[in-house]
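With the hints as a guide, bring the two chains together.
Respectively, the protein sequence lines represent chains A and B.
Heads up, the first sequence is in the numbering used here, so the first residue is 1 and it goes up one at a time.
Heads up, the second sequence is in the numbering used here, so the first residue is 1001 and it goes up one at a time.
Derived from the structure by calculation, the hints contain no laboratory data.
Certain hints may be false.
[Said to hold, decoys possible] Below, computed lysine to any residue pairings styled on SDA-like, alpha-carbon distance capped at 20 Å:
{"id": "1", "chain 1": "B", "residue 1": "Lys1206", "chain 2": "A", "residue 2": "Arg108"}
{"id": "2", "chain 1": "A", "residue 1": "Lys47", "chain 2": "A", "residue 2": "Leu21"}
{"id": "3", "chain 1": "B", "residue 1": "Lys1171", "chain 2": "A", "residue 2": "Asp145"}
[Said to hold, decoys possible] Anything over 10 Å on all C-beta distances counts as not near chain A; from chain B, calculated:
{"id": "4", "residue": "Gln1023"}
{"id": "5", "residue": "Leu1067"}
{"id": "6", "residue": "Glu1079"}
{"id": "7", "residue": "Phe1174"}
{"id": "8", "residue": "Leu1179"}
{"id": "9", "residue": "Asp1200"}
{"id": "10", "residue": "Ile1237"}
{"id": "11", "residue": "Ala1255"}
{"id": "12", "residue": "Phe1275"}
[To be verified] Using C-beta positions, here's what the derived DEER-type ranges look like:
{"id": "13", "chain 1": "A", "residue 1": "Glu69", "chain 2": "B", "residue 2": "Arg1268", "range": "46 to 54 Å"}
{"id": "14", "chain 1": "B", "residue 1": "Phe1275", "chain 2": "A", "residue 2": "Thr122", "range": "20 to 28 Å"}
{"id": "15", "chain 1": "B", "residue 1": "Ile1034", "chain 2": "A", "residue 2": "Glu112", "range": "43 to 51 Å"}
{"id": "16", "chain 1": "B", "residue 1": "Arg1268", "chain 2": "A", "residue 2": "Arg98", "range": "26 to 34 Å"}
{"id": "17", "chain 1": "A", "residue 1": "Glu112", "chain 2": "B", "residue 2": "Glu1232", "range": "52 to 60 Å"}
{"id": "18", "chain 1": "A", "residue 1": "Thr193", "chain 2": "B", "residue 2": "Ala1090", "range": "42 to 50 Å"}
{"id": "19", "chain 1": "A", "residue 1": "Glu210", "chain 2": "B", "residue 2": "Arg1043", "range": "50 to 58 Å"}
{"id": "20", "chain 1": "B", "residue 1": "Ser1147", "chain 2": "A", "residue 2": "Thr122", "range": "35 to 43 Å"}
{"id": "21", "chain 1": "B", "residue 1": "Ser1147", "chain 2": "A", "residue 2": "Thr193", "range": "37 to 45 Å"}
{"id": "22", "chain 1": "A", "residue 1": "Thr193", "chain 2": "B", "residue 2": "Asp1071", "range": "45 to 53 Å"}
{"id": "23", "chain 1": "A", "residue 1": "Thr193", "chain 2": "B", "residue 2": "Ile1034", "range": "47 to 55 Å"}
{"id": "24", "chain 1": "B", "residue 1": "Lys1136", "chain 2": "A", "residue 2": "Val203", "range": "31 to 39 Å"}
Quantities reported herein were computed from a predicted structural model and do not represent experimental measurements.
Even for Gly, the Cβ is constructed at its ideal location relative to N, Cα and C.
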Amino acid sequence: MHYAIIKAGESPSFPDGDPFLAAGVAVSQAEAVIYLAGAKLAHNDAKSVVLVELGNESLGEHTGELLGEEGSNVVGFARYRNGLDAPSSLVELVVQSRTPQDAVAAARSIFEAAGLVVAICTDQAGRIVDRLVRPKYNAALRLLDEGLAIQKDIDLTCRLGLGYPDGPIERAVRGGLVHHHDITKALFETYGTPGYAPARRAVVAARRRES
Amino acid sequence: MGAGIAIVAARGGFNTISYDRSQEALERSHNATIAFFEKSVERGKMTPGERGRTVKAMRSTTDLDVLGECDLIIEAVFEELSVKRDLLRALDAVCEPRTIFASNTSTLSITEIAAGSKRPHKVVGMHFCLPAQLMKLIEMSPGLLTSEETFQSAWQWTLACGQIPVKTQDKPGFILNALLVPFNNDAIRAVEAGVASAADIDKALKTALGYKMGPLELIDLIGLDTQVRLSEAFYPITLDGRAAAPPLLRRMVAAGLLGRKSGQGFFRYEGEAMFGA
Ligand SMILES: NC(=O)c1ccc[n+]([C@@H]2O[C@H](COP(=O)([O-])OP(=O)(O)OC[C@H]3O[C@@H](n4cnc5c(N)ncnc54)[C@H](O)[C@@H]3O)[C@@H](O)[C@H]2O)c1
Chain A
1 MHYAIIKAGE
11 SPSFPDGDPF
21 LAAGVAVSQA
31 EAVIYLAGAK
41 LAHNDAKSVV
51 LVELGNESLG
61 EHTGELLGEE
71 GSNVVGFARY
81 RNGLDAPSSL
91 VELVVQSRTP
101 QDAVAAARSI
111 FEAAGLVVAI
121 CTDQAGRIVD
131 RLVRPKYNAA
141 LRLLDEGLAI
151 QKDIDLTCRL
161 GLGYPDGPIE
171 RAVRGGLVHH
181 HDITKALFET
191 YGTPGYAPAR
201 RAVVAARRRE
211 S
Chain B
1001 MGAGIAIVAA
1011 RGGFNTISYD
1021 RSQEALERSH
1031 NATIAFFEKS
1041 VERGKMTPGE
1051 RGRTVKAMRS
1061 TTDLDVLGEC
1071 DLIIEAVFEE
1081 LSVKRDLLRA
1091 LDAVCEPRTI
1101 FASNTSTLSI
1111 TEIAAGSKRP
1121 HKVVGMHFCL
1131 PAQLMKLIEM
1141 SPGLLTSEET
1151 FQSAWQWTLA
1161 CGQIPVKTQD
1171 KPGFILNALL
1181 VPFNNDAIRA
1191 VEAGVASAAD
1201 IDKALKTALG
1211 YKMGPLELID
1221 LIGLDTQVRL
1231 SEAFYPITLD
1241 GRAAAPPLLR
1251 RMVAAGLLGR
1261 KSGQGFFRYE
1271 GEAMFGA
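Isolated chain B, as found in the complex (with noise of 0.2 Å):
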């Protein structure tokens, strides 16, 4: 997800540096840059001399003294409260006042994630959607200490990268996880239930709503594990039913049914291809 944002920021014209305590996974992150950048080209979506000036304004480093030169950070390491508070209180001591922590949380919450640093008020949520260098939308929420300033310059920000801002509050899931975590919840319970099979409810609702892809099929390429996490996020903080996992979902990741990336999850997958829709 961080390499996503990274070539948000370096082709919206903004110095970029990313940062990961592992080597290999910038590595990793800056070969799938290339190739990405590669087919824009090849589509026509960036001209050779764009590709050229973007790849200049990208860096990495696994030294986090490097970032002290940053006027906004954004992060998007691993989904604990723990490890994004330390984050946040390890750049307290390396970056200057003025510089904007920004979190790309999908669960947790911006005002708590804050009390991580001293900063609380220049501390914004920024939350991306995958794959960042390709989707749009931005989620922005202000914690409760958040100041004006800090939400309006990273609000601004996004705008200066073409990307399309939505203000939300600092809730569980924002907007967007917060309708969609229940509602897939729900499409296994039909399935769980026995109202139609997998297949017949992504037909019905790509049908009748012209969705693009039917829940199932979408929980399929999420992961079902994932959709566990995001359930056992939500549930205990909001109480509603409707995001608690399904007991379906829990015997299909017991039996290492996990979707796409296992071969099999609502449907079968071989290569590119799938089955049983």
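Only chain A is shown next, with the shape it has when bound in the complex (with noise of 0.2 Å):
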């Protein structure tokens, strides 16, 4: 499928550079059109579906919303990204309760074609991975404060006894533990849980890039 590109900036899915972007074609050409980095969105009904980035809000502050009734051929993606490390090959796919199969089906086969793993889920804060993580980076971060291990033997924990490739704070670490900051603040101001309150480590390296 034919897709145009409308970028504001460096795409955090799609750094410059990645083929993804060459790909591209004019919008007059192409059955969808994806917006990058912050590009203002514009419907555009006759196309299949039109893609629209997303950092942390929801796909709502894009389209509006109607109370549950929402939903068009406006589909909200992310590839998942560890803050500093590359892009993974997995793309959050965000969707409306109205929106309809067919864009559905259209944004997935773009991004299938394009060698990568659609996940679909439901417009809410932190979509599927960071929703998940960010408590548990949080929780090793806390215990690594209250002395229950050292760092090394928390994350080695995670690797022999899960099979994880990395532990959760070594790669939280690995991240940026201000991205991971940015991120769990604003899942926190959403849910209002204690397990996405940013652990102090966090807020130390937040606060020292502020100063």
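Below, the structure is given as structure tokens:
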């Protein structure tokens, strides 16, 4: 499927030089339009799908919302990226309750053709991955503060005991504690549950950035 | 679990006695052990000579008195404080003062278990991972009264068996379950909140993070009833809301959807095949 790309800066999902960008065509020739890096969305009902790259925000911020009745050919997406790490091959596709199935199918086919793996989720803060991993990174950082074990052993336990390629602390640190802070703070504002409250070490990192 | 630990000990070159109240359980373990060694030799992990020596080092008994000669006793009996305390009390009477008692508990406090013994300084936490004969990790935790000497002896023993010990405090869930049980509950809550299907949640985590298994497939393997029991063990002590059993988990257990063992949990199973993922 031919797609056109409209971008306002460097996209976290598809950094400059990514072959996905080079395959874009002119809007007039495309069946899909992809807005990257905060480029302002223009609705276009003539296209199979209009894709909007999301950061920490909801798709509803771009489309407007109708108390559960929202949904159009505009589909949100983000390629999962642990901060400074290279983007993973996961694309989280964000749909609304009335998003037509053919728009979802068109979005899926674009990303799968690029060799990416698609998971579909509803428009909730943190989508799938950040919603689930950020509380775990906070917990691991708190357990470290509380002296449960040393960092090396917390990470080693997760690698050996659960077969993870890397432990939660090394992963959060490698991706950037500031990055972790910003995501988990945004989630905490939405959900308000203690698991999302930024762990002290993440707060320290964020404050040092500011000073 | 006890059978796997016995394999680790015997493979490490230690004379090993398996004790169980149930003769049937011992026989089951013995057969599983012989089959495991058979595979180990087939796969070149062990020579036939090593197998012979290891099997020779292993005995089993339903007579507690036989344990009197042991330097180290690792208990993996039912996960109930009173059962574990009663066992340590009985062992006190049988064992030499030098004998170290280790507990493989997943959810109980080492200090609380040690309170059943007259030698709390000789009691240490030694949490293996299932299946113990294949997993290298052991979470080692001293109770409040465990002596440094006891901890070091137990630590050296795990190294002599070729295991990889990590030191953790005597806190609920140690490291592994303290992180895993709330994470798994969060995954169930995400299904319940309609964030995504179980299949898409697992797919997302495996693809983004390189996990070998998604959390919902893992819960199906552990058993949903076990996940409830783990949650019920931790939540009342930690009051961490993430550790509390999600309502969907309880509904599924009530409906008999226990995971792999019942043929359906978050996914459906027929023999080895898995559906819905
Ligand atoms: N299953 C796991 O994944 C796992 C992982 C790590 C630790 N553990 C811990 O290992 C221990 C055992 O778990 P399991 O899953 O093997 O349980 P299990 O119920 O399968 O086995 C327990 C065995 O202990 C025997 N037993 C019970 N009371 C006894 C007593 N007083 N004296 C002698 N034998 C007795 C039973 O006959 C049974 O064979 C628990 O403390 C559990 O928390 C289990």
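Right, here's what the structure says about each hint:
Pair hint B:Lys1206 plus A:Arg108 holds up; C-alpha atoms about 18 Å apart against a cutoff of 20 Å. Between the alpha carbons of A:Lys47 and A:Leu21 the distance comes to roughly 19 Å, so the proposed pair stays at or under 20 Å and holds. Simply put, B:Lys1171 and A:Asp145 have alpha-carbon atoms about 14 Å apart, close enough for the 20 Å limit, and the pair holds. At the 10 Å boundary, the C-beta of B:Gln1023 stays outside the reach of chain A, the nearest C-beta of that chain being 32 Å off.
Against chain A, the non-interface label of B:Leu1067 holds: every CB pair exceeds 10 Å, the least being about 29 Å. At roughly 18 Å from the closest C-beta of chain A, the C-beta of B:Glu1079 stays outside 10 Å, upholding its exclusion from the interface. Its beta-carbon lying about 8 Å from the closest one in chain A, B:Phe1174 breaks the requirement of being farther than 10 Å from that chain. The beta carbon of B:Leu1179 is not kept farther than 10 Å from every beta carbon of chain A, the shortest such distance being approximately 6 Å.
Non-interface status of B:Asp1200 relative to chain A is broken: a Cβ of that chain comes within 10 Å, the nearest being about 4 Å off. Under the 10 Å C-beta cut-off, the non-interface status given to B:Ile1237 relative to chain A holds; the minimum distance is some 14 Å. Non-interface call for B:Ala1255 relative to chain A: holds, since the shortest CB-CB distance, roughly 24 Å, exceeds 10 Å. Against the 10 Å criterion, B:Phe1275 stays outside the reach of chain A, whose nearest CB is about 18 Å from its own CB.
For the hinted restraint 46 to 54 Å between A:Glu69 and B:Arg1268, the CB-CB distance of approximately 33 Å leaves it violated. Taking 20 to 28 Å as the suggested C-beta distance range, the pair B:Phe1275 and A:Thr122 conforms, at roughly 23 Å. Judged by the Cβ atoms, the range 43 to 51 Å given for B:Ile1034 and A:Glu112 holds: they are separated by roughly 48 Å. Range check, B:Arg1268 to A:Arg98: about 30 Å between beta-carbon atoms, so the 26 to 34 Å window is met.
In this structure, A:Glu112 and B:Glu1232 break the distance hint of 52 to 60 Å, their C-beta atoms being roughly 42 Å apart. Under the hint 42 to 50 Å, the C-beta atoms of A:Thr193 and B:Ala1090, about 45 Å apart, fit the expected range. Distance hint for A:Glu210 and B:Arg1043: a CB-CB separation of about 56 Å, consistent with the stated range 50 to 58 Å. Distance hint check for B:Ser1147 and A:Thr122: the Cβ-Cβ separation is about 54 Å, which falls outside the suggested range of 35 to 43 Å.
Separation of B:Ser1147 from A:Thr193 is about 41 Å and conforms to the stated range, judged on CB atoms against 37 to 45 Å. Roughly 48 Å separates the CB atoms of A:Thr193 and B:Asp1071, a value that falls within the hinted 45 to 53 Å. Distance hint for A:Thr193 and B:Ile1034: a CB-CB separation of about 50 Å, consistent with the stated range 47 to 55 Å. Between B:Lys1136 and A:Val203 the beta carbons are some 35 Å apart, a value that agrees with the proposed interval 31 to 39 Å.
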